[in-house]
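S.K.: Knowing the structure of chain Z, use the given hints to seat chain V on it.
Read off the chains here:
2 protein chains.
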Amino acid sequence: MKKEALSVVKIGGNVIEDQGRLTEMLSIFSRLKSPKILVHGGGKRATEVSGQLGIKAKLIGGRRITDAPTLEVALMVYAGLINKNLVAGLQAMGCNALGLSGADGDAIRAHKRPVGKVDYGFAGDVDKINTGTMSSLLSAGMVPVFCALTHDGKGQMLNTNADTIASEIAIGMSPFYNTTLFYCFENPGVLRDRTDPSSVIRQIDSVKYRELLAQGILAEGMLPKIENCFHALKKQVPRVCIGDLHMLQPGHDEYTTLTL
Amino acid sequence: MKKEALSVVKIGGNVIEDQGRLTEMLSIFSRLKSPKILVHGGGKRATEVSGQLGIKAKLIGGRRITDAPTLEVALMVYAGLINKNLVAGLQAMGCNALGLSGADGDAIRAHKRPVGKVDYGFAGDVDKINTGTMSSLLSAGMVPVFCALTHDGKGQMLNTNADTIASEIAIGMSPFYNTTLFYCFENPGVLRDRTDPSSVIRQIDSVKYRELLAQGILAEGMLPKIENCFHALKKQVPRVCIGDLHMLQPGHDEYTTLTL
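Chains Z and V, in that order, are what the protein sequence lines are. Numbers given in this note's numbering equal positions in the first sequence, counted from 1, plus 33. Numbers given in this note's numbering equal positions in the second sequence, counted from 1, plus 33.
So here's chain Z without its partners, still in its complex pose:
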């Protein structure tokens, strides 16, 4: 039987923080054919709220540590403020959004990252996507909207990278749906020249990726994103793309497609 198409769309903090861009994104996303799943990052709002609450960001080797107060802020800002405003915005556009963390419906089970050289605190590495919960919601015509939080099944919420959540959802759903994973960010795709938005590299396979790496063309921040893409492709996600929100519009073909 031919699998139904499913879009898993990740949007970053930069989209969320710009009200004009956010409205455009919600409008484009709401017109995208269902079934579809949205995954959102946190953006600077969590840092702002932490600052206002007098919680200092703990960084080790440039990586943020999720201590208990930081996790509380993540719960407040990601699962509360941002998630509910996105859901209400999508509902206003006729998209039957339903906001979730990984704990809701046991959608995404994770484990606390083991303490090695670094103790990342309440950071979760994904173990399992609950495809039953996802399918129930999608079949009921709902559009799951995920924030970047998971749980360990023992009562503990955990902070998980939103790009990772998106790829894990796409991987989990691929046996049942013909899944496309879209990473939406501020640029129209992976750029050959970071200062020139028209320099989108239309296709990157693993050979080309090594080439670009060797040439030092890729922006630092792109590397984990592209690694997530290749991970998803290796785990049988049929289609993975990087671009700005226009990538979700029919007829638009100026974005980066990743292939193995």
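Fair warning: there could be bad hints in the mix.
The list treats identical chains as one, so a pair stands whether inside a single copy or across any two.
[Said to hold, decoys possible] Subject to a maximum C-alpha distance of 30 Å in a straight line, what follows is the list of computed DSS-like cross-link-like pairs (lysine-lysine):
no.	residue 1	residue 2
1	K187	K36
2	K66	K187
3	K77	K91
Since the hints were derived computationally from the structure, they do not count as laboratory data.
M.R.: Relative to chain Z, chain V alone:
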């Protein structure tokens, strides 16, 4: 056809704030027969967070006004912090909880309270319970956990009293389920003597209610709760009870049942 039984359980802020009582509540609730719906209040945490963020509570005539910063705190604390911790706690006990605001799945539509003598700000009065969304989730074996937030369908989240949300859900579901509405709070029921927990009034009908009112026996805070109960009964909710969390345990009969 005989309707299936449904429990709608409201828990107050006092239960949420006491970790021991909360664990006991989650344990008792998780053992309650499904289908069931949990509705939770906010408690003092929102006030604390508001204070830490330097947001002053706006009160007019003793009633809290939901201005824009207060609504943001409600989104953060009710829909984020409290809701997700409750959901993760229930999941740990094998209860397939899924947290929702009224915007999620368009579950509870409301309108902003019209400005009269008082402008209550972003306070929502409930218009409609989406029984389709509720039934989809319940049929999929999930346990909806509602925080006290609704939306207006035009992108605006609204603050709504949790007791009211519980009664409106019970009213909305009663045509389809044999619904019991449980108001769980710190006392074992409505007390004849506020200082004596053994003085539970087992049954209150509207005649008895007027009697108790005339005698000045009822605590101030009980009046809106009891009004909500009578409203639900008048709107065909078959059974409405007030008591502490033990009310949800089989065999326990020391609580207050309201009748018309």
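S.K.: Checking each numbered hint in turn, tell me which of them this model violates, lowest number first.
M.R.: Structure breaks hint 1 only.
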